[in-house]
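Enquirer: Listed below are the residues making up each chain.
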Amino acid sequence: MKKVININFQGRVIPIEESAYDVLKQYIESLRRYFANEEGRDEIINDIEGRIGELFGEVLKKGSTCVTDDDVNAVIASMGRPEDFDDDEAKVQSQLGANTSSSTGSGSQSSSSTSGSSNSDHTHAPHGRFYRDENHKVVAGVCAGIANYFNIDPLVVRILFVIFAFGFGFGFITYLVLWVAVPSTASTVIGSAKKRLFRDPDNKLIAGVCSGLSQYFGVNVWIPRILFLIPFISIVFRWHNWGAFDFPNFLSFSFSPGTLLVYIILWLIFPEAQTTAEKLEMKGERVDLNSIKNTIQQDMGGFKERAEKFGKEVHEKAQEFGKDFGSRTKQFGSEAGTIARRGGSGVGYVIGLMVKIFVYFVLGCVLFAIVVGLFSAGIALTGLLPLKTYLINDGWQNIFAWGTLLLFIWVPVVGIITWIIRRVAKMRSNARTIRFAFVSLWLLGLFCFVGLIASVRQDFRYHNDIAEQQIELQNPSVNKLTLQSERERWYYSHNFLHFEPFARVDDDTVFVNNFRLRVLKSADNNFHVIVAKMADGSSKKEANETASKINYSITQKDSTLTLDKGIKITPSDKFRNQVVYITIQVPVGKRIEIGNNIGWYDHFDINFGWDNDWRYREDFFDGATNWESNVEYRMKNDGHLERVDGRRDNDERTDEDNSNSKPETQPSTGTQSDTTGTYHYKTPGSAPAKQAPPAKNPVKNKKDSLPAKQAKAEVRFTLPTAFIERFSI
Amino acid sequence: MRKGVLEFCILSIIRQGEVYPSDIVEKMRSANLHTLEGTLYPLLTRLKNAGLLTYRWVESNSGPPRKYFVMTESGLEFYGELERTWNELADAVKALTAPQQENKTTE
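Those protein sequence lines, which keep their order, are chains A and B. Mapping to the numbering used here: the first sequence position 708 is 692, numbers consecutive. In the numbering used here, each residue's number is its place in the second sequence (first place is 1) plus 260.
Mixed in with the good hints there might be a few duds.
Said to hold, decoys possible - As a list, the in silico DMTMM-like pairs of lysine to aspartate or glutamate whose alpha-carbon atoms are at most 20 Å apart:
id, chain 1, residue 1, chain 2, residue 2
1, B, K308, A, E33
2, B, K308, A, D26
3, A, K464, A, E452
4, B, K354, A, E23
5, B, K308, A, E1
6, B, K354, A, E22
7, A, K45, B, E319
The hints are simulated quantities; they were obtained by calculation from the structure and are not laboratory data.
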């Protein structure tokens, strides 16, 4: 406990410990003695006292309530003792040396740097390269560094930057890039009191990242913490459908996984301030014996309070700042400078901090997207594991498949998780080895992946020869055919993956509903059903074999055709792109109805085709149409179907005049189609057994008499209006 | 000798623009020329008394008002002389040390 007295020093009232005052008094006396014969002695001493007063002022602002012995000693050491003056020997200054760019002094220096301080070409970076000048910085010294390099006034550079940033937008990004990429001069100065970014282990919540940041920027520790949490939740909301995969929705409502990744990255990047010297560097204090001693001994309580108070003020000011940039900057700069514990504008620091975090966040999000993508791919593929047997041959392929799954997909995920855990638990052992192991495993997985792709492609290379089978119908001349599919005994299994061809897995078989259904015009007056089976294989022979093993049945009952809904695939005959093409030829004038359990969502692709020079495998989707179930359609002359009840089907395509543009239809079996003209349409209620009468009127007439209908040329169907003309002759 | 060099350096710094003493010390430090403030102040005062420098007071809100030193006409002349002296010295030293190195390489 020491007595504190107030002294009037250079016009200011300074509280100082009594013992410290004694030391100070002695020092000044010694100065007086030394300069006793000097001309201008009084002035010199006045200057020195002035300087001491400044230093005391800094000490007090730093948070001390009074000047202590140690402060005075530090100041004296900084100024130098009389016996040290005029020493010819270039004193190699130890850390205890006269270091006036100390922490206590840097505040006053930097806050005046915004005035036109001289451009220093002596602070050439050692190699004459472009460095950031941290000693003259407002935010990060980028502009000052540029100014140094080109020997122009930093203010000019700053103005240019502001113009670029706000006029063109990209200046901002440029500044960020420069900030991150360009090293700062102060780091090249030995023993300078430059602040370095450390993690603060004494003040940490999780890993001290935020505390380290707060120390570096001189803000309250909660500011970076809040910044980490709040602003990014909304960004994550907006970004919740990144990339090709669905960002799991639940994550977008949680607290910002993106920043979590940023946090982790910063955690890894920042070293931890372990030694006291590092801790001092983190706070930007001069690293010498005194300050080290102070740090260890001193209670940092008052320090913290001041930092918190400062933090609040900076926070408020930062908000105002956001509205009004230009004129307020200087004002804030000077005001903030007075309360800044360490040099520079607190407002600038906050901005810099936010910007830095944003950049890291962007990086973090990209990395995170990769991680999540791999993870979900891993889950998806593992979930599909049971299906593997249907696709993959044993032997090499199997090995490749396993290799791919485990090494290519899961190894990175496991690796990253391990890495994170290791960082959390601060295990540092064998980092190199582990990393190397993971990377090499992953490369092996990559190799497996490539091998897998190659060998699977091999299996699918050949297509079989297509053979069409005609299914005999019992009553081909019936007037209406109804299509049904088997009663539902299928259901989709875990189809959130929307894995297309698979409908159901059932013990040892898989049912695939790769069907294509075409409805064409029949050449004669009978219904025909033609089935073509297709498959792939590693050779033509194998493809043919596989195709012939496709077991697809169509059963007929009265005038109802029941189609199988799935192709069965067993582990012995693998999935090889088996498709069944069913062509139903409907005679003109006859009707066809599609039952409602062959819905389009069941992956039946139904093509009411009109172009018969259609090739298997290639043209199919051209014709996929909209149609409704449980509705009767009638075949027209031109091969299109129209709805019997006369309503339009939903069709977004523009209408064309079909009858003019479409060629006459040709069934793929090669039989000739009727090219004759008119056909007559039956009303639903009329007697069924009418045959399509021979053409009586030329086509032209027909066209004339059906202007309304033809005028609405459609691509798919005739889209009749409610007043469809049905006439019979 | 160092004292003369010190003055030369200080004058060079001030020549580039007005500075105040702490700034001078800082600049010298970053150029790896460490000096004490206590050395600097008397020196500045002497130079000022010799009419080579002049100063003006600048109010500062973080302490007492500061002196900003600027160069005078005579200061510039004196600086020129110093520079010449320095260059002569440097040339002389270079001339003396260089031949020795050449001898070494030929051996």
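Enquirer: Give a verdict on every hint.
Expert: Against the structure, the hints come out as follows:
1. B:K308 <-> A:E33: holds, 18 Å
2. B:K308 <-> A:D26: Given that 20 Å is the threshold and the Cα spacing comes to 14 Å, the pair holds.
3. A:K464 <-> A:E452: Cα-Cα ~23 Å, so violated.
4. B:K354 <-> A:E23: violated, 38 Å
5. B:K308 <-> A:E1: violated, 36 Å
6. B:K354 <-> A:E22: With a Cα-Cα distance of about 37 Å, the restraint between K354 (chain B) and E22 (chain A) is violated, given a limit of 20 Å.
7. A:K45 <-> B:E319: holds, 18 Å
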